[in-house]
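Trainee: So you can see what is in the structure, the chains are spelled out below.
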Amino acid sequence: MEFVFDREKNKEKIEELEFFIAENKDMPGILMPALQETQRIFGYLPLEMLQVISRRLSIPMSEIYGVATFYSQFSFIPKGENIISVCLGTACYVKGAQKILEEIEDQLNIKAGNTTPDLLFSIDSTRCIGDCSLAPVILINEDVYPRLKTDDIKGILDKYRKEV
Amino acid sequence: MITIEELKRIKEEQRPILEKRLIEQGNVNINEDGSIVLNGDYYKKQVRIALKNCGIIDPNNIKEYIAVDGYFALANCLINKKAKDIIEDMKASGLRGRGGAGFPTGRKWETAFLYDADQKYMICNADEGDPGAFMDRSILENDPHSVLEGMAIGGYSIGADKGFIYVRAEYPLAVRRLRAAIDQAKELGLLGNNILGTGFNFDIELRLGSGAFVCGEGTALIESIEGKRGMPRTKIYRTAHKGLWEKPTIINNVETFANVPVIFQKGVDWFRSIGTEKSPGTKVFALVGKVENAGLVEVPMGTTLREIVFDIGGGTQNGKEFKSVQTGGPSGGCIPANLIDTSVDFESLDKIGSIMGSGGMVVMDENTCMVDIARYFLDFTVDESCGKCVPCREGTKRMLETLDKIVSGKGEEEDIEKLESLSETITLGSLCGLGQTAANPVITTLKYFRDEYEAHIQDKKCPAGACVDLVEYFITDKCIGCGACARACPVDCISGAKKELHVIDQDRCIKCGACMEACPPKISAVIKR
Amino acid sequence: MSDVRLMIDGQEVVVSSETSILEAAKQIGIEIPALCYDPNLEIEAACRLCLVEIEGSNKLQTSCSTRVKEGMVVHTQSEKVVKTRKDILQLLLDSHPNDCLTCQKAGECLLQKYAYDYDLKFRVHDGAMRPQLLDTSSPYILKDNAKCILCGKCVKTCAQVSDRQVLTFAERGYETYIALDANQTLETSSCVSCNRCVTVCPVGALVDKRALGKLRSWDGSSRVINCKRCDYGCEFEIVSKDKKNIAVLAKPPTNGRPLCLKGRLNTELEYIDEPEVPYRKISGKFEETTWSKALSLDGLLEKFEKMDSLKGKTREE
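Chains as they are written, first to last, in the numbering used here: chain A, 1 to 164; chain B, 165 to 693; chain C, 694 to 1010.
Derived by calculation from the structure, the hints in this document are not laboratory data.
Any given hint could be a false lead.
[What the hints assert, rightly or not] Pairs of lysine-lysine, DSS-like flavour, derived with a Cα cap of 30 Å: (1) B:K411 to A:K99; (2) B:K406 to C:K902; (3) B:K569 to C:K849; (4) C:K849 to B:K582; (5) B:K569 to C:K719; (6) B:K574 to C:K814; (7) B:K582 to C:K752; (8) B:K406 to C:K779; (9) B:K392 to C:K849; (10) B:K611 to C:K776; (11) A:K9 to A:K79; (12) B:K399 to C:K996; (13) B:K399 to C:K806; (14) C:K776 to B:K515; (15) B:K399 to B:K350; (16) A:K11 to B:K392; (17) C:K773 to B:K611; (18) B:K399 to C:K955; (19) B:K611 to A:K149; (20) C:K776 to B:K399; (21) B:K227 to B:K392; (22) A:K13 to B:K399; (23) C:K902 to C:K762; (24) B:K569 to C:K762; (25) B:K411 to B:K227; (26) C:K779 to B:K515; (27) B:K442 to C:K776; (28) B:K406 to C:K776; (29) C:K719 to B:K582; (30) B:K675 to A:K25; (31) B:K255 to C:K849; (32) C:K776 to B:K411; (33) C:K849 to A:K25; (34) B:K255 to C:K776; (35) B:K399 to C:K719; (36) C:K849 to B:K574; (37) B:K582 to C:K762; (38) B:K569 to C:K773; (39) C:K719 to B:K574.
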């Protein structure tokens, strides 16, 4: 993963987690609540924080990783502020959705399923969203962008860059 | 510390306030015996025990729960009954676990009661996960104290001073309501140390799931509370002997606990007068799918499916033909129309290949493809299989692949046999309940709707018109040649001159249905066949 | 603990009531196939191969986790059992690469053995297979996830040594795989190359890389020795071929024996005629090293010489 976990920026969040661990470290079965708290505070499970949990609670990293990957609500990738869903349903696919996806990936320099290092965008590819007559379609957050061409992408993404 | 007198005083003080509020609201009837029921035909045919307070009391106010006799069952048990008596009463009541398997609650409690241990646990399984089921959610959100009271009674009877409620993370409101309820009960001294001055201590802690359906399985749930991967344990010991942290542990589901206080309030005989001989009491169902009045339905055991689906649910929507009702979620089966008079109790449902389950009830009509439904549930199981044992991990995957093949028109003659053989192996060979019942949706649809499988495989047709790969969009001669369909087609496979009949190129059609939507409603020239 | 009498496949056996059906059967020479069972590890009943039929019960029971009872009548080869067992094995084969020709484990692979016993073959299908994830980062262990049957023995044996616990199951369902730490490689993880996992792996998913390409299980001859490095005296197998000792293989750890890399290298140096270069892991990287460093004897050799020569001198004086 290309993310750099910024300790300085996350100082307060780290303190919040450290506090939770210190308060609850004798709770039996603490690992799940600790992971839930990490996910809640950071929006994902930063590896650096899993190491903190491992050290403070003396739980091996392997065990933490095993538990974290078992439950579907835990994620190792932070979600961006703007979530781009590229429909790869048949209609969109036939109309060139793959090219649209590639263009977005190129523009943002990340692959589908990932988040940009500045946490501004995440790309997801989805199954049919039921707007076949508008193909190819992407969703950014709740906004629908119909009948896209690859040339449109930059302008659309810029809109979200400016808003921030 | 609260006393019984104080509890009575709160009730007397709160009851008129509650009644006044309810009368102003105007949606309830207050009966002569003091019971309060919701108005309307939908509720008239129901008998509400587990849901009796839902929609009536304010779940954020413990006093309203006390005003409807809440915590008096616990008080009565603690003051007047020995642990052994409670277990005898539970056994006599015949209450069976409402989580799915229907094991007699009293017998379960007795097992834990008989083991001598320095610590025992009472766990409430609130990891309701069947798609379409939301009975437990409703109880947790609208009547959390009934669950706490049921747990405390159970805890007293087996000798546990600690309880856990394992709630799925997808129920944030339930979590908030439970937290508030536990806090209020502790504050009043109805949970915590020396409850009602009887010397009985009972504390309840919430633990949250994190998105794993298998944690509804008892031993997986225990693993999860212990902070591990939720993989079911092999049953060398019963959990009533060695469960959470190797201590005697009882797990009951939300609805089961919600029944407990009522049984002690109104008595065993009253409870046994409802339902059937072998399945006394009521069951809550989440009636969903293609039914007119969807919602929660609580009826006496032994009520027929017909009464639930038609008399209460109002039958199918838009006058479509009723085809099947699915009970028991991914572990259950699809019951065909000709068995609609089956009565709903553990034995009868088991006999026809389905299960009671936790109470999901999905109504299906002529447009539902039964192969696709089986595929849907298998897809769910494959996603949720923990991966520990081979038959479930590998077998469900192969079954899903075969079903995928069939619904996409690539099914082969031997696929049915393959499905049957795999079903048998997964059922016989899997470690936990999830795997052992995973094949039920396939087994029942093969049993009752085999012709639909055959139509998919032999004729490459989906009789319900639901399987995208097997339907064909076709323009009839009603076409006026307006061109709306051609413009809507994302792949430009519709051709035809202006004001002339248009034609769909079937080879290039991707079956998105855009043409059918685009065709003006008064023309309706595009059909699906 | 009392003795109970039961019938297994028509033979009577008397065992203590704590015994599992699988162990009871073993006592009268009936071998029940099992991939995840190991008497030294916690019982999981995950592979389901050891299912047997017990009269009076419709369900099949795993013989590794079910204890004997007085009067029990057990069938380990009934039609129902054999059908289920064959299906389970076939399911494993369907996800397993057809690589027995060159697999290092051939000949001692349990999956291969049971496939032979039950007359099963690989079959061609277009369904999913486990993704090829070969971890070649270690000079000592080769990890091939595609061959893994997820029996979990490696995870459990690794966890038995409290400061190791490197291995874990990751993800779930069909996607489950064995990971090291938080998804590290053998090289970057905290793995100490003790090879405990290699000794318990029933298939070719974890193999000793230093033996790779040198021998097949049926090759040469072997003898078992006890390691002299420390008091545990872990067992190693010295394999010889063409009158040369060519490999040292760790034997499954029993009786609390830990196994360690140093002990294995020590044994290699002692017994192998031409041992390969040793490697040391230095901050997450394997590096070639010298034997004296690998065995932590650095500086000691000079000291030996110095002390011995000093001793000689004193004697001369």
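Trainee: Determine for every hint whether it applies to the structure shown.
Mentor: Here is how each hint holds up against the structure:
{"no.": "1", "hint": "B:K411 to A:K99", "verdict": "violated, 58 Å"}
{"no.": "2", "hint": "B:K406 to C:K902", "verdict": "violated, 42 Å"}
{"no.": "3", "hint": "B:K569 to C:K849", "verdict": "violated, 38 Å"}
{"no.": "4", "hint": "C:K849 to B:K582", "verdict": "violated, 35 Å"}
{"no.": "5", "hint": "B:K569 to C:K719", "verdict": "violated, 43 Å"}
{"no.": "6", "hint": "B:K574 to C:K814", "verdict": "holds, 24 Å"}
{"no.": "7", "hint": "B:K582 to C:K752", "verdict": "holds, 21 Å"}
{"no.": "8", "hint": "B:K406 to C:K779", "verdict": "violated, 33 Å"}
{"no.": "9", "hint": "B:K392 to C:K849", "verdict": "holds, 14 Å"}
{"no.": "10", "hint": "B:K611 to C:K776", "verdict": "holds, 22 Å"}
{"no.": "11", "hint": "A:K9 to A:K79", "verdict": "holds, 17 Å"}
{"no.": "12", "hint": "B:K399 to C:K996", "verdict": "violated, 59 Å"}
{"no.": "13", "hint": "B:K399 to C:K806", "verdict": "holds, 28 Å"}
{"no.": "14", "hint": "C:K776 to B:K515", "verdict": "holds, 25 Å"}
{"no.": "15", "hint": "B:K399 to B:K350", "verdict": "violated, 35 Å"}
{"no.": "16", "hint": "A:K11 to B:K392", "verdict": "holds, 29 Å"}
{"no.": "17", "hint": "C:K773 to B:K611", "verdict": "holds, 21 Å"}
{"no.": "18", "hint": "B:K399 to C:K955", "verdict": "violated, 40 Å"}
{"no.": "19", "hint": "B:K611 to A:K149", "verdict": "violated, 50 Å"}
{"no.": "20", "hint": "C:K776 to B:K399", "verdict": "holds, 23 Å"}
{"no.": "21", "hint": "B:K227 to B:K392", "verdict": "violated, 38 Å"}
{"no.": "22", "hint": "A:K13 to B:K399", "verdict": "violated, 42 Å"}
{"no.": "23", "hint": "C:K902 to C:K762", "verdict": "violated, 45 Å"}
{"no.": "24", "hint": "B:K569 to C:K762", "verdict": "violated, 46 Å"}
{"no.": "25", "hint": "B:K411 to B:K227", "verdict": "violated, 34 Å"}
{"no.": "26", "hint": "C:K779 to B:K515", "verdict": "holds, 29 Å"}
{"no.": "27", "hint": "B:K442 to C:K776", "verdict": "violated, 36 Å"}
{"no.": "28", "hint": "B:K406 to C:K776", "verdict": "violated, 33 Å"}
{"no.": "29", "hint": "C:K719 to B:K582", "verdict": "violated, 34 Å"}
{"no.": "30", "hint": "B:K675 to A:K25", "verdict": "violated, 56 Å"}
{"no.": "31", "hint": "B:K255 to C:K849", "verdict": "violated, 41 Å"}
{"no.": "32", "hint": "C:K776 to B:K411", "verdict": "violated, 38 Å"}
{"no.": "33", "hint": "C:K849 to A:K25", "verdict": "holds, 25 Å"}
{"no.": "34", "hint": "B:K255 to C:K776", "verdict": "violated, 40 Å"}
{"no.": "35", "hint": "B:K399 to C:K719", "verdict": "holds, 22 Å"}
{"no.": "36", "hint": "C:K849 to B:K574", "verdict": "violated, 42 Å"}
{"no.": "37", "hint": "B:K582 to C:K762", "verdict": "violated, 36 Å"}
{"no.": "38", "hint": "B:K569 to C:K773", "verdict": "holds, 28 Å"}
{"no.": "39", "hint": "C:K719 to B:K574", "verdict": "violated, 47 Å"}
Comparing the model with each earlier hint shows violations of hints 1, 2, 3, 4, 5, 8, 12, 15, 18, 19, 21, 22, 23, 24, 25, 27, 28, 29, 30, 31, 32, 34, 36, 37 and 39; every other hint is respected.
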